[in-house]
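K.L.:
Based on the hints, put chain B in the right spot on chain A.
There are 2 protein chains.
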Amino acid sequence: MTDTNQRIVLASRPVGEPTAANFRVETVAKPVPADGQVLLRNIYLSLDPYMRGRMSDAKSYADPIAVNDVMVGGTVCQVEMSNHPDYAVGEWVLTYQGGWQQYAVTDGQDLVKLGKEPTLPSYALGVLGMPGFTAYVGLLDFGEPKPGETVVVAAATGPVGATVGQIAKIKGCRAVGIAGGAEKCRHAVEVLGFDACIDHKAPDFAEQLAAACADGIDVYFENVGGKVFDTVLPLLNAHARIPLCGLVSQYNATELPAGPDRSGMLMVQLLVKRIKVQGFIIFDGNQHRYPAFAKDMQQWLSEGKIQYREQLEQGLETAPQHLIDLLNGKNFGKVVVQVNQPL
Amino acid sequence: MTDTNQRIVLASRPVGEPTAANFRVETVAKPVPADGQVLLRNIYLSLDPYMRGRMSDAKSYADPIAVNDVMVGGTVCQVEMSNHPDYAVGEWVLTYQGGWQQYAVTDGQDLVKLGKEPTLPSYALGVLGMPGFTAYVGLLDFGEPKPGETVVVAAATGPVGATVGQIAKIKGCRAVGIAGGAEKCRHAVEVLGFDACIDHKAPDFAEQLAAACADGIDVYFENVGGKVFDTVLPLLNAHARIPLCGLVSQYNATELPAGPDRSGMLMVQLLVKRIKVQGFIIFDGNQHRYPAFAKDMQQWLSEGKIQYREQLEQGLETAPQHLIDLLNGKNFGKVVVQVNQPL
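The listed protein sequences derive, respectively, from chains A and B.
Residues in the first sequence are numbered from 182 upward in steps of one, following this note's numbering.
Residues in the second sequence are numbered from 182 upward in steps of one, following this note's numbering.
The shape of chain A in the complex, shown without the other chains (with noise of 0.2 Å):
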């Protein structure tokens, strides 16, 4: 057993793209649990699109990460000391007070516990946690697909994305995404079950998305943002939904792009064609839906109607360049990196 933990640390705030010098690699001491604490031994980490927003210090819904802290992020961890009476060595947990390090001790009121020997703990960081309950609860109650409709959405090989379309297509919906790149296209059409899957780098991205749609767009999940969206917003109908969990496109935006200035306009366009745009957070007023996510959702993975794809990365060291990718788009599927072996 090591006597220390390696960590990662907010360095210094990112102007626009992060690069590797605002993360900064540490190894301190293994914390030691007191007495009603248990010792976490952090196993997966979960890398999602929304801690490019905690680096800054822009007001937003959540506090900033302060410079010199441990980066935050959903852990799976296994209980690797307990002084506390409800939780036991070897368990496994998942919590959001865990962080970008090896260890990280805590009184347990974060934790949510996965069970002795859970089949896929990592799970719980993508398809069965937070990215596939903001797919649930954005598409079905802010998005209200009736069947036969069509449901767009990007990031379509993301494990938000992903699980949208899934459930579009078990709500008897048309499922159309997009992606970045063919490899992901055919993976969602073929592995997923997307009707279609429209590459946004193709010169005729525009064309190809009309073409998809060819009764309009009653659905958008909306999580990129940027030139996407402007390519939507034509083809959405009357009536039409947009849930909106993320902008990954704009998170790096240091400047307002130049004009003419189309807010406005956008405005215009939901009055018009009567649409509704809901903003949400998922850990924001959605508990109470949670017991019918997990219900739903182990169903249907175990029918095998719900695909799931990960991609699990070794070292915590790798996490800052995987952080940066994902922002680009260079991930295929949930990003997960394994800090330490289980127990």
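Some clues are possibly wrong.
Identical chains share a label here; the pair holds if one copy fits it or two copies do between them.
As the list claims (entries may be wrong) - EDC-like cross-link-like pairs, simulated, lysine to aspartate or glutamate; straight-line CA separation at most 20 Å:
# : residue 1 : residue 2
1 : K294      : E325
2 : K240      : D411
3 : K408      : D442
4 : K294      : E272
5 : K294      : D267
It should be emphasised that the hints constitute simulated quantities derived from the structure, not laboratory data.
P.N.:
Just chain B, lined up with the frame of chain A:
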């Protein structure tokens, strides 16, 4: 009895702000009702911001008025001749097929009966009609106001805005209006019962609005857009709702404003604050709410809980200038043009 029919047709499509040259007053033969038809004597013509959109041929939710066709509009009429068993001479009706003219014929399918001797027939064009129904559905169904929340509405002395603010008060909310000029603001507070009303022409408009909304804004009922929306946006609370039924500041625009392009930043604000924007057109999809509206509004009026101000103008030929003025916020209350004396 005259045998002529004065009417106003669309002479040409406006570029930017409409001018008198876009309208033409014509005198034609008074129509004669065929078997099964009635002759309508238009008494009151409603003027409304949506008419500007119908004068353009830009794609919208409704077909444009053809050049040389009679301008569209809601009218309260009396039946002057009847070849239809369901309609008696002298009876009052409401129609959206009558248009900007003194007389029209119809087979009756478009008519809503208002009774033999309604006390305030023109109210069917305002607080008891389309504007009142817009305020009711927009605020209650899409704004979802909760007691103690702050509701903001612009054009606060117009027929929609005045009704929104008064319903907000009935529902236990703080109502803050925005209007142009001290006289309208005073009316909103003293007669309509708004908690505050801010003059958007004041040099310190933004500071005054922020001071009047010390707890932020929970519902912004959007009917103007432009500078007012820009001022409201930073004051919106998390989980704010924006019913969007009009953007009168945009209707005369001929080109997009200069940059930078703030459309992406607008979406970021909707996401970060978890805001809902719901575009709606009252005639599309809200009919099931009409009975509740009619019952509630009649009761509120009879109890004196809703005050209603009408700007009654005389003579069909004045309608073009009154519409031009309305689009510039120069009206004070609901604009109705009397085009005939009652029978």
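K.L.:
Hint by hint, say whether it matches the structure.
P.N.:
Hints and how they fare:
Taking the closest pair of Cα atoms, K294 and E325 never come within 20 Å of each other, the shortest separation being 31 Å inside a single copy and 37 Å across copies. For the identical chains of this complex, K240 and D411 are inter-copy neighbours only, at 18 Å across copies versus 26 Å inside a copy, given an alpha-carbon limit of 20 Å. In this homomeric assembly, K408 and D442 come within 20 Å of each other (Cα to Cα) both inside a single copy, at 15 Å, and across copies, at 13 Å. Proximity of K294 to E272 under the C-alpha cut-off of 20 Å is restricted to the intra-copy arrangement: shortest distance 8 Å within a copy versus 72 Å between copies.
Taking the shortest Cα distances, K294 and D267 sit within 20 Å of each other inside one copy (10 Å), while across copies they are farther apart (71 Å).
Comparing the model with each earlier hint shows a violation of hint 1 alone; every other hint is respected.
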